[in-house]
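Chemist: Sequence:
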Amino acid sequence: VGQGQGQRGDGAVKATAAAPPNLHLRRLNPKLELEGYGVAMPGLAGGLELMLQTLAVSDYRSIRNLVVPLTPLTVITGPSGVGKGTLVKRLLERQPEIWLSVSATTRAPREGEVDGQSYFFHSREAFDALVATGGLLEWAEFAGNGYGTPRAPVEEQLASGRPVLLEIELEGARQVRRSFPTGFQIFLAPPSFSELERRIRGRGTDAEDAIRRRLARAEQELKAQGEFDAVVINDTLDTALFELERLMELC
Numbered sequence: 001v002g003q004g005q006g007q008r009g010d011g012a013v014k015a016t017a018a019a020p021p022n023l024h025l026r027r028l029n030p031k032l033e034l035e036g037y038g039v040a041m042p043g044l045a046g047g048l049e050l051m052l053q054t055l056a057v058s059d060y061r062s063i064r065n066l067v068v069p070l071t072p073l074t075v076i077t078g079p080s081g082v083g084k085g086t087l088v089k090r091l092l093e094r095q096p097e098i099w100l101s102v103s104a105t106t107r108a109p110r111e112g113e114v115d116g117q118s119y120f121f122h123s124r125e126a127f128d129a130l131v132a133t134g135g136l137l138e139w140a141e142f143a144g145n146g147y148g149t150p151r152a153p154v155e156e157q158l159a160s161g162r163p164v165l166l167e168i169e170l171e172g173a174r175q176v177r178r179s180f181p182t183g184f185q186i187f188l189a190p191p192s193f194s195e196l197e198r199r200i201r202g203r204g205t206d207a208e209d210a211i212r213r214r215l216a217r218a219e220q221e222l223k224a225q226g227e228f229d230a231v232v233i234n235d236t237l238d239t240a241l242f243e244l245e246r247l248m249e250l251c
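First residue of the sequence shown: 1, per the working numbering; consecutive thereafter.
Source of the hints: derived by calculation from the structure; they are not laboratory data. Careful, some of the hints might be misleading.
Only pairs whose alpha carbons sit at most 20 Å apart, straight line, appear in this in silico SDA-like list of lysine to any residue [said to hold, decoys possible]:
1) LYS89 <-> CYS251
2) LYS223 <-> PHE193
3) LYS89 <-> ILE233
4) LYS84 <-> PRO163
5) LYS89 <-> GLU245
6) LYS84 <-> GLU249
7) LYS84 <-> VAL102
8) LYS89 <-> SER101
9) LYS84 <-> SER118
10) LYS89 <-> GLU125
11) LYS84 <-> PHE242
12) LYS84 <-> ALA108
13) LYS223 <-> SER118
14) LYS84 <-> PRO191
15) LYS89 <-> ASP235
16) LYS84 <-> ARG174
17) LYS89 <-> GLY226
18) LYS89 <-> TYR119
19) LYS84 <-> ALA216
20) LYS223 <-> CYS251
21) LYS223 <-> VAL102
22) LYS84 <-> GLU155
Here are the simulated distance ranges between beta carbons [stated by the list, open to error]:
23) ARG94 <-> GLU156: 19 to 27 Å
24) PHE142 <-> ILE211: 16 to 24 Å
25) ALA143 <-> GLU111: 15 to 23 Å
26) GLU141 <-> ASP206: 17 to 25 Å
27) GLY85 <-> GLY226: 21 to 29 Å
A virtual CB, placed ideally from N, CA and C, is assigned to each residue, including glycine.
Please build the complete structure, drawing on both the sequences and the hints.
Modeler: Structure below.
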């Protein structure tokens with residue numbers, strides 16, 4: 001159903017699903033080398049940080065037990081109509097320990113929305129300050145309002161030992177890859193483009209022009225699968241759910 005690893009455009013290869021997602025492996029000749037960088041260690045007293053020094057290894061298993069695994073941040077993305085929302089809802093029902101990240105926005109709250117649950121509601125000034133200080137893992141403008149993923153709540157949940165899930169769009173996932181490089185990124189793909197079109201048309205909510213725009217965007221987004229650490233094919237919901245749980249090391 002899924003692929004264990006994805007090739008990034010910069011030549012870096014991330015560990016397969018069997019490996020902790022915080023390890024970045026670079027393909028070298030004739031060995032693998034562990035890229036050294038500081039990694040926050042959530043849940044350890046005093047905010048301990050582990051600096052992974054450059055280390056040549058011939059096989060991943062020879063270093064697996066030398067590294068303290070992190071509570072993972074998982075990012076899931078995919079084209080419109082692929083079933084992200086349904087899959088994430090089922091995942092949270094089965095795995096209630098997961099914290100689904102709450103977005104920040106500058107738009108006004110709607111009736112029934114609760115600050116900190118529906119969104120973190122911010123003034124434009126406060127939102128722009130978060131952007132300027134790196135307080136958002138990713139952000140974008142839509143219909144005149146700012147939307148983004150606040151860094152602090154994510155780090156707080158990770159520090160408490162909870163796995164965190166971000167369900168975001170492709171461009172947001174690319175931003176998170178830069179702002180939180182230790183995250184594990186999953187691309188949810190349809191079994192075929194024709195099946196994706198069938199699902200989008202089956203909603204019965206969009207005009208033909210809107211459907212064509214969604215399909216054109218989806219066609220471009222599907223080309224980005226190779227950027228991701230793993231790809232899950234959402235053919236049947238139960239199979240995709242099991243694969244997602246396996247990748248997140250929840251089963």
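Chemist: Each hint needs a verdict: does it hold in this structure or not?
Modeler: Hints versus structure:
1. LYS89 <-> CYS251: holds, 17 Å
2. LYS223 <-> PHE193: Measuring from Cα to Cα gives roughly 12 Å; hence the hint holds.
3. LYS89 <-> ILE233: holds, 17 Å
4. LYS84 <-> PRO163: Between LYS84 and PRO163 the Cα gap is close to 18 Å, so the pair holds against 20 Å.
5. LYS89 <-> GLU245: holds, 13 Å
6. LYS84 <-> GLU249: holds, 19 Å
7. LYS84 <-> VAL102: holds, 16 Å
8. LYS89 <-> SER101: holds, 13 Å
9. LYS84 <-> SER118: It holds: about 18 Å lies between the C-alpha atoms, which stays within 20 Å.
10. LYS89 <-> GLU125: Given that 20 Å is the threshold and the Cα spacing comes to 33 Å, the pair is violated.
11. LYS84 <-> PHE242: Judged against 20 Å, a Cα distance of about 14 Å means the pair holds.
12. LYS84 <-> ALA108: violated, 26 Å
13. LYS223 <-> SER118: With Cα atoms ~31 Å apart, LYS223 and SER118 exceed 20 Å; violated.
14. LYS84 <-> PRO191: holds, 14 Å
15. LYS89 <-> ASP235: With a Cα-Cα distance of about 17 Å, the restraint between LYS89 and ASP235 holds, given a limit of 20 Å.
16. LYS84 <-> ARG174: Cα-Cα ~17 Å, so holds.
17. LYS89 <-> GLY226: At roughly 25 Å apart (the allowed maximum being 20 Å), GLY226 and LYS89 break the hint.
18. LYS89 <-> TYR119: Cα-Cα ~17 Å, so holds.
19. LYS84 <-> ALA216: holds, 18 Å
20. LYS223 <-> CYS251: Between LYS223 and CYS251 the Cα gap is close to 30 Å, so the pair fails against 20 Å, i.e. violated.
21. LYS223 <-> VAL102: violated, 28 Å
22. LYS84 <-> GLU155: Distance ~23 Å between LYS84 and GLU155 Cα, so the pair is violated.
23. ARG94 <-> GLU156: 19 to 27 Å: About 24 Å separates the Cβ atoms of ARG94 and GLU156, which means 19 to 27 Å holds.
24. PHE142 <-> ILE211: 16 to 24 Å: holds, 20 Å
25. ALA143 <-> GLU111: 15 to 23 Å: With Cβ atoms ~18 Å apart, the hint holds.
26. GLU141 <-> ASP206: 17 to 25 Å: holds, 23 Å
27. GLY85 <-> GLY226: 21 to 29 Å: holds, 24 Å
The structure fails to meet hints 10, 12, 13, 17, 20, 21, 22 from the earlier list, while all remaining hints are met.
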